[in-house]
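Using the hints provided, position chain B relative to the given structure of chain A.
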Amino acid sequence: MRTFASEFKARATAKTGDLPHRQFIRTALRGYESARDRRKSAFQSWESARQAAAETKWAAVNHLDEHLVSLTSKLEARGTNVHWASTAAQAREIILQILRDKNARTIIKSKAMTSEEIHLNDALEHAGFSVVESDLGEFIVQLRRETPYHIVFPSMHLRRGEIRELFQRELGDTPSDHPEDLTMVARRIMRQKYITADVGFTGANFAISETGMISITENEGNSRLTSALPKTMITLLGIEKVLPRFADLALFLPMLATAGAGQPMTCYNTMYSGPRQPGEADGPEEWHVVLLDNRRTELLADPEQRDALHCIRCGACLNVCPIFRNVGGHTYGTPYSGPIGSVITPHLRGLQDWKHLSSASSLCGACTEACPVKIDLHHHLLQNRRNAAASKPAIFERLAYKILGLVANEPKFWQLAKKIGWLAQPLQAPVKGTFLDPVKAWTKTRDLPSMPRESFKDWWRNRK
Amino acid sequence: MTERENILGRIHEALQVKAPRPGLHDDAREHTDTEPPAAHAREWLPFVGAGVEDQFALFAKNCAELKADFQRLASRGELKAALVKIRDAEKWQRIASHDGELSNFACQAIGLPTLLTDQGYDVQALEKCDAGITECDALIAQTGGVVVTSRSAGGRALSILPPHHVVIARREQLVSDLPAAFAWLQEKYTPDFPSMISFITGPSRTGDIERILVLGAHGPKKLTILCV
Numbered sequence: 000m001r002t003f004a005s006e007f008k009a010r011a012t013a014k015t016g017d018l019p020h021r022q023f024i025r026t027a028l029r030g031y032e033s034a035r036d037r038r039k040s041a042f043q044s045w046e047s048a049r050q051a052a053a054e055t056k057w058a059a060v061n062h063l064d065e066h067l068v069s070l071t072s073k074l075e076a077r078g079t080n081v082h083w084a085s086t087a088a089q090a091r092e093i094i095l096q097i098l099r100d101k102n103a104r105t106i107i108k109s110k111a112m113t114s115e116e117i118h119l120n121d122a123l124e125h126a127g128f129s130v131v132e133s134d135l136g137e138f139i140v141q142l143r144r145e146t147p148y149h150i151v152f153p154s155m156h157l158r159r160g161e162i163r164e165l166f167q168r169e170l171g172d173t174p175s176d177h178p179e180d181l182t183m184v185a186r187r188i189m190r191q192k193y194i195t196a197d198v199g200f201t202g203a204n205f206a207i208s209e210t211g212m213i214s215i216t217e218n219e220g221n222s223r224l225t226s227a228l229p230k231t232m233i234t235l236l237g238i239e240k241v242l243p244r245f246a247d248l249a250l251f252l253p254m255l256a257t258a259g260a261g262q263p264m265t266c267y268n269t270m271y272s273g274p275r276q277p278g279e280a281d282g283p284e285e286w287h288v289v290l291l292d293n294r295r296t297e298l299l300a301d302p303e304q305r306d307a308l309h310c311i312r313c314g315a316c317l318n319v320c321p322i323f324r325n326v327g328g329h330t331y332g333t334p335y336s337g338p339i340g341s342v343i344t345p346h347l348r349g350l351q352d353w354k355h356l357s358s359a360s361s362l363c364g365a366c367t368e369a370c371p372v373k374i375d376l377h378h379h380l381l382q383n384r385r386n387a388a389a390s391k392p393a394i395f396e397r398l399a400y401k402i403l404g405l406v407a408n409e410p411k412f413w414q415l416a417k418k419i420g421w422l423a424q425p426l427q428a429p430v431k432g433t434f435l436d437p438v439k440a441w442t443k444t445r446d447l448p449s450m451p452r453e454s455f456k457d458w459w460r461n462r463k
Numbered sequence: 000m001t002e003r004e005n006i007l008g009r010i011h012e013a014l015q016v017k018a019p020r021p022g023l024h025d026d027a028r029e030h031t032d033t034e035p036p037a038a039h040a041r042e043w044l045p046f047v048g049a050g051v052e053d054q055f056a057l058f059a060k061n062c063a064e065l066k067a068d069f070q071r072l073a074s075r076g077e078l079k080a081a082l083v084k085i086r087d088a089e090k091w092q093r094i095a096s097h098d099g100e101l102s103n104f105a106c107q108a109i110g111l112p113t114l115l116t117d118q119g120y121d122v123q124a125l126e127k128c129d130a131g132i133t134e135c136d137a138l139i140a141q142t143g144g145v146v147v148t149s150r151s152a153g154g155r156a157l158s159i160l161p162p163h164h165v166v167i168a169r170r171e172q173l174v175s176d177l178p179a180a181f182a183w184l185q186e187k188y189t190p191d192f193p194s195m196i197s198f199i200t201g202p203s204r205t206g207d208i209e210r211i212l213v214l215g216a217h218g219p220k221k222l223t224i225l226c227v
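In order, the protein sequence lines correspond to chains A and B. Here the first sequence is numbered in numbering that gives the first Met the number 0, starting from 0 and rising by one per residue. Here the second sequence is numbered in numbering that gives the first Met the number 0, starting from 0 and rising by one per residue.
Okay, chain A solo, but in the shape it has when bound (with noise of 0.2 angstroms):
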């Protein structure tokens, strides 16, 4: 039978024996990480800086529901049409029914990750609308019908020579697989598209509750095209993004850069107040925002895990993860991957289909360390495994180690085994790693140690 967990063991199998792709993957990863250290050392206190960052958080977070009645009464102020959506169809809907309002035929898209959330391109391409992203990497694996590789880098798992070869099938157009020439590919097409889209469609990375705005975050430009444009601007938005104060994104903005991609500051940080204002020059005529909940609330609920919707979508947990390194972002099989996917996807999922990302884990405890709002990562992953044995106990599990504790507690007992074990060593090592091997789940990759002859209290008993 196929389960998430046997697709997850299938890919994880494939990717850590494919030695290119891990080499490639963590030369990228510790490029990142060299950056990332330089940026952090220019802080004059990058650990304050994360406590503050931590704190601020939790406050929004145990008051978010005074903050969004804030933010959605200040953003409709100014006329910006507010929606609420508590599941993924939901969000789709409301979505789908503004565009057929408008009569839109395209839509032009700036990075989301909600989107991919709420699996919003194919809702759309099945209800006959077109749907092109812009940012260059999303850009990318939508033209080779994949998912994001990396919830920050998209397209980080494919070389130049694919990339050409990817555009040349895709647009016929390729002058060479130089990495300046094929962005200027995407350009060229892009700019048609921000005129001609009737809806600009974005994400956001932080909405802050005392002025009504949202932010987001960006390299290229695209998403600031996006909401310039077209006339009409969607934006989803995760209902944990809030922040409390406008004066807060001093502190967010550059460390989300400086975890996120090892910046100073991200080139494009852009605050929204509402659609187009009397006697300003242009911008969405119309401006819809939709509130994503899809079992945030649940993850609310849990007040030892509540942290984990501080998260402000850096990557960085990806990025020093021996595991994602190892095994790369598509074994995941959820819109979030990583330490943070791993946290989060059993609680937005379900705990018993997702309980098996809570051992895609070494445990080192890195993600925690590199977390820029002190997520509790690694322990996160301990206590969904505890949760998944409480809700659903693995009844062989439970009796092995019942008889494992009866044997060890009773002295005769351990000497049997011992001797029993000794034994039938010798009989283990012709059949090592086949389905005849009665501990081939460790033996099929790794080699049990001999027992020794003599046992250390065998050895204490007859010394000299």
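Please note: incorrect hints may appear among the correct ones.
Under the rule of at most 25 angstroms between Cα atoms (straight-line distance), these lysine-lysine pairs were calculated in the DSS-like manner [said to hold, decoys possible]:
no., chain 1, residue 1, chain 2, residue 2
1, A, Lys439, A, Lys14
2, B, Lys187, A, Lys73
3, A, Lys230, A, Lys192
4, A, Lys192, B, Lys127
5, B, Lys220, A, Lys192
6, B, Lys127, A, Lys230
7, B, Lys220, B, Lys60
8, A, Lys443, A, Lys417
9, A, Lys230, A, Lys73
10, A, Lys401, A, Lys411
11, B, Lys127, B, Lys66
12, A, Lys418, A, Lys439
13, B, Lys221, A, Lys192
14, A, Lys39, B, Lys60
15, A, Lys8, A, Lys431
16, A, Lys418, A, Lys456
17, B, Lys66, A, Lys39
18, B, Lys17, A, Lys373
Here are the computed distance ranges between Cβ atoms for each label pair [as the list claims (entries may be wrong)]:
no., chain 1, residue 1, chain 2, residue 2, range
19, B, Gln107, A, Glu179, 32 to 38 angstroms
20, A, Leu426, B, Gln15, 56 to 62 angstroms
21, B, Leu111, A, Arg99, 53 to 59 angstroms
22, B, Glu2, A, Arg168, 41 to 47 angstroms
23, B, Gly48, A, Asp36, 21 to 27 angstroms
24, A, Asp121, B, Asp129, 37 to 43 angstroms
25, B, Asp129, A, Gln22, 53 to 59 angstroms
These aren't lab readings, by the way, just hints derived from the structure by calculation. As the structure is a computational prediction, the values presented were derived from the model and not from experiment. We treat Cβ as the ideally placed atom computed from N, Cα and C, and that holds for glycine.
Same frame as chain A, but now just chain B:
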């Protein structure tokens, strides 16, 4: 019940149990609601130097790293000369700008057909302009960034659509760091904010192909900041 009430109801119910404050351990420092945790951001963010001259030097260094062209000019005469030099070097044919004391001066100095975005404009025509000339709200020493808004810089598209964005700034517009920039914006615009405020830090860029930096992904390939 509406979905709004449903969601707010679920949040309200979930928050009946409080979550522990993050990672305090032996740190007894408490904050009250009048003093948000981020209020001390200035003490933790990168150091900006003491005086205005230090900050101009830092701004120039940051611009160089970002591959933005920054020029400090002593007079309007020098500003005019700098603009003419860029115009000739890049063989501009037409430019776009907006109404403003400095931007009007700049457009006159350049002396080319000029599209003004203030009173509505044709997007295709703006796309064909060689440069967008705008004023700004602030320059930030700490990041090498420029703050523009939909009100002070001719709308949303002028600073992002043309391939070369030229910012004309006054020297007193330099602020030390990000907290100062946010405080200044809040003081200037509360309660009637422009619908867009953008912190621009260098020309448009991407590293999506093998992490190799390419300028001009979608926005301007060049950013020039002229300060008089």
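- Compare the structure with the hints numbered earlier in the document and write down the numbers of the violated ones, lowest to highest. Hints 21 and 25 are the ones this structure does not satisfy, whereas the remaining hints hold.
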